[in-house]
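Asks: Each chain, written out:
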Amino acid sequence: MKFLPLIWSNLRRKRVRTTFTLLSILVAFLMFGYLIAVSNAFDIGVQIAGVDRLVLTHKVSIILPLPFSYMDRIAQVPGVADVAHATWFGGIYQDPKNFFAQIAVDPERYLRLYPEFLIPEDQKKAWFADRTGAICGKYLADRYHWKIGDRIPITAPWLKKDGGTSWEFTLDGIYTGATPTTDTTQFLFHYDYFYESRLRHDATVGWYIIRIAHPDQAPQIAEKIDALFANSDTETKTSTEKAFMQGFAKQVGDIGAIITAILTVVFFIILLVAGNTMMQSVRERITELAVLKTVGFPNGLILTLVLAESVLLAGMGGALGLGLAWLLISRGDPTGGALPIFVMPPWSTALGVVFIIVLGLATGTLPALQAMRLRVVQALRRG
Amino acid sequence: MQRLINWLTQVYAVGVLNLRTLPQRFGSSAATVVGVAGVVTVFVAVLSIGEGFRATLQAAGSPSTALVIRGGSDTEMMSGITLEDSRVVQDAPGIARGAAGPVASREMLVLVDVPKITTGTEANVPLRGVTPVAFEIRTKLKILAGRNFTPGRNEIIAGAGAAREFAGLHVGDVKHWGKTDWTVVGVFTDAGSVSESEIWADLNVLQGAYNRGTLVSSVYASLGSPADFDAFKSALTTDPRLNLKVIRETDYFAEQSVMITTLVTRLGFLIAAMMGVGAVFGAINTMYSAVAARTREIATLRALGFGGGPVVISVIAESILLAFVGGVIGGAIAYVVFNGYHTSTINWQSFSQVAFAFRVTPLLLFQGFFYSVVIGLVGGLFPAVRAARTSVAAALREL
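Taken in sequence, the protein lines are chains S and U.
At position 159 of the first sequence the residue is numbered 159 (this note's numbering), and the sequence of numbers has no breaks.
At position 198 of the second sequence the residue is numbered 198 (this note's numbering), and the sequence of numbers has no breaks.
Since the hints were made in silico from the structure, they are not lab data.
Some hints here could point you the wrong way.
[Unchecked claim] Lysine to aspartate or glutamate pairs mimicking EDC-like chemistry, simulated, CA-CA at most 16 angstroms apart:
no., chain 1, residue 1, chain 2, residue 2
1, S, K242, S, D216
2, U, K179, S, D216
3, U, K179, S, D233
4, S, K161, S, E196
Modelling step: build the complete structure from the supplied sequences, incorporating the hints.
Replies: Right, here's the structure in full:
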């Protein structure tokens, strides 16, 4: 501890260089934060998935409708605890660029299946009772500045009975997520309203969500359900929500992976460049280290001093970078809607700290070892 | 004039001095080059994704082709047009007439799950039902392998992009969708457009397989000339019997690329901006140590009568040069690794897969080089000013 002032004055020796090295490290770890958030955003579905939920879709494609009558038959399969249906609406709010999921659901069933959608009891009651009511996630409400009670017009591809295409919904509630990765980008409304107002009546839904009593039986139950509808006009494909989301995320293909890979490479390049400067500044002081050795500093202490200096520098830059990343990322999606779930998961901070320590040790060790092995006479002569 | 030449000579002299001492500072100079190269690689590579995607969707459109879908829908997928309505469209003014009547193609678009080769998981591949007139509208479409499908048979042809990205779409393969078996009889190209990501089948067969009756998704109409669009549009949108949306094909596809290009462009610029700041800090460090290492030489020159201006310019020039070398390396890496890289992704706007290739365009490379020069300029500025400001006496005494 008594050597802290020595370390500090070494850092302050070339203040400009120390400052800019610090800033480089800061930027590197700011990037690291974004790298994690971006890669996270690309395969977010996997984390949204509940272990006890299955998703049932049409076997040929998710866009094809399923008979409404399947619900009761699914519910009777042993091991199935609950089931809800959902139907993609696909309308436009003001501009086609405002893309978000509008889903026609049976409100009570749907919320039973998604307990992580937290909504105040009074709002929930109001929505259940309001046939043209809707609720939305907090992300959407913030993005479009919606308040409870607002009338939200959505132009739909579905003709209404009155010949129009404009559907109006009253916002009865706003749900929040139980965890930061909960999907709060959905817009949910009554299937009954949708079904009755639509010009073309067919008793179909888009997909089913199924809760099973024992998650470990998922494959067997999924198989049993699909067998129920095999060789019918509408065959089904049941998978765990995780597999379904994974398949969905993988539709993005390797673009997400490529962007993540590029960011990773660059993170290490910046570290390399900053590390090089740090090593250089130790190398320049080899004469001084030789002086310390001459006055009797043991090798181990010199090693510790140099390492402490580089770890301190890396630590300050890294902590500021991670802090700034957290601050900026918690302000949300930088792309204006394409990556709605943009967060830094807690484990990323831990990983960041590991990188900071590795950076400090790696940049300090080489020159420190050099200094330790140095013959005093030789080092002094170099000056 | 004499003074200018004198000034330039000084810049040259100091510049050469700087460059000749460069090998002595190889480590830190290389760090700057590597740092900037990283920035430019990322900048160019990420933006080339957006360029490639946009190019694929833009290749699809012709300004003299109009797309008719149902009012209220913004994609073909969500649209539906009855037989009577599509007949009205075919008789609308402005449509070019071919040997077999009006060049208006009634088409049906659905999705089928086909495994993506790179991930092995199912992906939404567009399956389009067409009649022979569709080939009159896509004039660049060519059968690359095999033959075209025979009307009335359960045969399909696959776009070259789809055949490359998704499993089991080669001539002779059989696909089982629903209760129907489809045989792949051909593979086609369409000048790199989005059609190449699709699978095509006979309209009537597809309607039958999907119980669609005579309903179609859209009508593509070839107009006599791009100028006929307004008349065509107003004829259809003012007809009280119809509820249709009429868009130019070019506008339709431009709209479809908005989301992904915005995502990639914003992400690219954000990342490049952050990294640029990092690279500037690196460059500043390098140039400060470069200047520090030459304090004696610079002071000697100043004592000999060299002005402060040439010193500033030469330091900045060195910084720009290093950064530019980094920029060129970065651009070259991005070009070699990413240009023409084939992939496919889901276009959330149409909910279907689009096969495309990354495109490192000259404009992107130019932007990358320009960016590297800016980094060099900013990075060299402060050290340069400091070099020029240091008092000659103090600098010489330092030794």
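Asks: Which of the stated hints cannot be reconciled with the structure, identified by number in ascending sequence?
Replies: Checked against the structure, the only hint that fails is number 2, while the rest are satisfied.
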